[in-house]
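Given chain A, work out where chain B should sit, using these hints.
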Amino acid sequence: MTDPALDAPRSGSPWQYSPAPEARELADLKANYRMFVDGEFIDGTGEPFISTNPATEETLAEVSGASESDVDRAVAAARAAFERTWGPMPGSERAKYLFRIARLIQERGRELAVLETLDNGKPIKESRDADIPTAAAHFFHHAGWADKLDHAGHGAHPRPLGVAGQVIPWNFPLLMLAWKIAPALACGNTVVLKPAETTPLTALVFAEICEQAGLPAGVVNIVTGAGDIGAEIVAHDDVDKVAFTGSTEVGKRIQRTLAGSGRKLTLELGGKAANIVFDDAPIDQAVEGVVNGIFFNQGHVCCAGSRLLVQESIAEELLGKLRSRVSTLQVGDPLDKNTDVGAINSADQLARITELADTGESEGARRWSSPCPLPERGFFFAPTVFSEVQQSMRIAREEVFGPVLSVLTFRTPEEAIAKANNTPYGLSAGVWTEKGSRILWAAQQIRAGVVWANTFNRFDPTAPFGGYQESGFGREGGRAGLEAYLDV
Amino acid sequence: MTSDSGIPGSERPGEPTRGHTDAPARLGVTKTYKLYIGGAFPRSESGRVHPVHDSHGEFLANAARASRKDVRDAVAAARKAFGGWSSATAYNRGQVLFRVAEVMEGRRAQFVAEVAAAEGVSTGTAESTVNATIDRMVWYAGWTDKLAAVLGAANPVAGPYFSFSVPEPTGVVGILAPQQSSLLGLVSVVAPVLAAGNTCVVVSSTERPLPAITLAEVLATSDLPGGVANLLTGDAAELAPWLASHADVNALDPSGVPDSLRAEIERSSAGTVKRVLDVRPGEQDWTREPDIRRLREFTEIKTVWHPVGM
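Protein chains in written order, with full-length UniProt numbering: chain A, 1 to 488; chain B, 1 to 310.
It cannot be assumed that every hint is accurate.
To be verified - The calculated lysine-lysine pairs, modelled on BS3-like cross-linking and capped at a C-alpha distance of 30 Å, are:
#, chain 1, residue 1, chain 2, residue 2
1, B, K146, A, K148
2, A, K419, A, K321
3, A, K321, A, K435
4, B, K146, A, K435
5, A, K419, A, K252
6, A, K337, A, K125
7, B, K69, A, K252
8, B, K146, A, K252
9, A, K419, B, K69
10, B, K80, B, K146
11, B, K69, B, K80
12, A, K337, A, K30
13, A, K96, A, K148
14, B, K31, B, K69
15, A, K321, A, K125
16, A, K321, A, K337
17, A, K435, A, K419
18, A, K419, B, K80
FYI, nobody ran anything at the bench for these hints, they're computed from the structure.
For reference, chain A alone in the conformation it holds in the complex (with noise of 0.2 Å):
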């Protein structure tokens, strides 16, 4: 079922692009970032660590390493923060520093968003329509709850947990820090806060952002550093709250660490989504929905459309489409505004895709990959869609977290929904077909947080986002999201 064409060498390819980056300086990169404790810059007393840009194997930054020590001084701070200021501050008040924040990102987007470019590797293109302006909403969102809380639905007056400990992962830096940062602080609590160790530096950025905002020193502190590090602030005994996002693994161990401790935890983990495209389906539409779904952000995400089921009856056809769709797709330099998909996080992450995306083979799926050249730095895998994937696959059932598209097959919409919910996640799917009464019939069946019917991606700090069962508990975002730092 290969079509010649989508194998040939790209020279011929009608899809060439004059280059067009965006300009490197205005990441206005610094070769030191240091973390942010009690609203002043420090070195901190750990192993000072790399960060690399992760689409040319280049030094971005050297920045400074937090220890144990560290933590505790942050967590002081944060305490001492919300005894202080942060916790008696009116509401009202609260609201003119997150609206100060939000206005301030939005000020600084293309600097952040380059910046975010560089250390991540995702294209430019997804950071400056994407990640940044919707870190920028986020906050603008939960600055107008911090004075209408007793209107959140808990009764009057609802009190805010502490100090939070936060641990986000690198696939959205920015976004991922507004996400946890902007409903704690609306609620009234504080914050110590590790962004991951291969993407620290729009988080660096956003400390300077606190600081031009005037925000009392300790409300917001930012250490850096590995797992390590993230194990000390979860496990930290004056923490009054853990919010993770990262792998169902790593979440499954912090909720043991706080057995019995009685703090609160929300966990955002892992995925395994399936995009599910009826017979009667838009099929272009669907084809650029699936192509969205898995390819976005290299597929380096928890919510990626990573298993496509498509109806028997249409799928040769939709996935002719997809392959020839998929060989348009510009893989190369993030910082062009062209690309499509960018580098992949890191030389380790590169190394888990390639070891799954083998086992596919190995298990018998069929492999495609797109033609694209592929650049001869940095980390980049070309996106990749198997074909004829059985579920009890490794490719079906475990997080790939990168650019691999595995398709089933179904044929009545039962098989659809049971095949969909045949996993231990539950964050998200997608649903593709014309028929109004299937959507809704679709959405009620699968057992998951987020459906995108004849959509998929789409995020917005209205709408809550989080998991079922093993893709975690708690919500981010809207009126439910605010559950996560009150203390109800």
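Just chain B now, with coordinates in the frame of chain A:
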């Protein structure tokens, strides 16, 4: 045993009560208390029982002592019943739960006697406990068709999409019922789980299980589909770890778990990222009017998006 225990029919064989004549009075028929799994009343597969005494130490009955395998059977029954109960209309679920209250009202005298015997309280106190229990069931029955309106939302997203969020039941909930409050506490933890559309496996109070079994008889005759609520009697400390580690249990209410076991239960719940209700050590005051926390904690918010356009 004399009829002081107040439980109708609880007189033991060999101890006939006497009337005014010389002829022996009628001998009461005693009941074998069993488990409630999948709509049926089996004995424990283990064959084990444990003697139940009233607050004065008088023997009341032998209750079944459920085993790990009974837990597994009950979870399987709850899972099987989940599809039907969770997709029943909220109106229907509300009527069924209201029906439970109606049938409880009919068995009021029996509940009063059992609560008085189990908890060692006066008949007057037991009466007000049973009243509160029935009223609580009515309160939760009325929530079924309001929860989505209160917890859900139409999300005003910044784009051409209609986005809405609704609460959905979490799934199969394991409930360790309170140890002290044998009926009011039990209904206070079971009713919200059912009202929210979940199915459940309930382990009753270890020492005070008889009102729970009577409640199971009420559930069995109240149009509640078999398997929606499953009730086990036995040792909560023995059974809780099996519920906590069971991969097909989605959430846990550890109210009746001994404080010393809480941490261990929460640790093993992490194996499948179970939601574990945060309950304070010790037993709470069940006479206090509840809020919607227990309804909320056993639901998941689902957000659905669709484009808007011509």
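Hints, verified against the model:
1. Between B/K146 and A/K148 the alpha-carbon distance is near 23 Å, which keeps this suggested pair within the 30 Å criterion.
2. With a CA separation close to 23 Å, the supplied pair A/K419 and A/K321 stays within the 30 Å bound.
3. Between A/K321 and A/K435 the alpha-carbon distance is near 22 Å, which keeps this suggested pair within the 30 Å criterion.
4. This hinted pair checks out: B/K146 and A/K435 have alpha carbons roughly 28 Å apart, not beyond 30 Å.
5. A hinted pair counts as satisfied when its Cα atoms are at most 30 Å apart, and A/K419 with A/K252 qualifies at roughly 25 Å.
6. Proposed proximity of A/K337 and A/K125 is supported: the alpha carbons are some 6 Å apart, at most 30 Å.
7. Our distance criterion of 30 Å between C-alpha atoms is met by B/K69 and A/K252, whose separation comes to about 26 Å.
8. In summary, the hint linking B/K146 to A/K252 is not supported, as the alpha carbons are separated by about 33 Å, beyond the 30 Å threshold.
9. For the given pair, A/K419 sits about 29 Å from B/K69 by alpha-carbon distance, which is consistent with the 30 Å threshold.
10. For the proposed pair B/K80 and B/K146, the alpha carbon gap of about 26 Å is at most 30 Å, so the pair holds.
11. As the CA atoms of B/K69 and B/K80 are separated by approximately 16 Å, the hinted pair is consistent with the 30 Å bound.
12. In summary, the hint linking A/K337 to A/K30 is supported, as the alpha carbons are separated by about 23 Å, within the 30 Å threshold.
13. Pair hint A/K96 plus A/K148 holds up; C-alpha atoms about 13 Å apart against a cutoff of 30 Å.
14. A threshold of 30 Å between alpha carbons decides the hint, and for B/K31 with B/K69 the separation of about 24 Å falls inside it, so the pair holds.
15. The hinted pair formed by A/K321 and A/K125 meets the criterion: a straight-line CA distance of about 24 Å does not exceed 30 Å.
16. Taking the CA atoms of A/K321 and A/K337, the gap is near 25 Å; set against the 30 Å cutoff, the hint holds.
17. A hinted pair counts as satisfied when its Cα atoms are at most 30 Å apart, and A/K435 with A/K419 qualifies at roughly 20 Å.
18. For the given pair, A/K419 sits about 18 Å from B/K80 by alpha-carbon distance, which is consistent with the 30 Å threshold.
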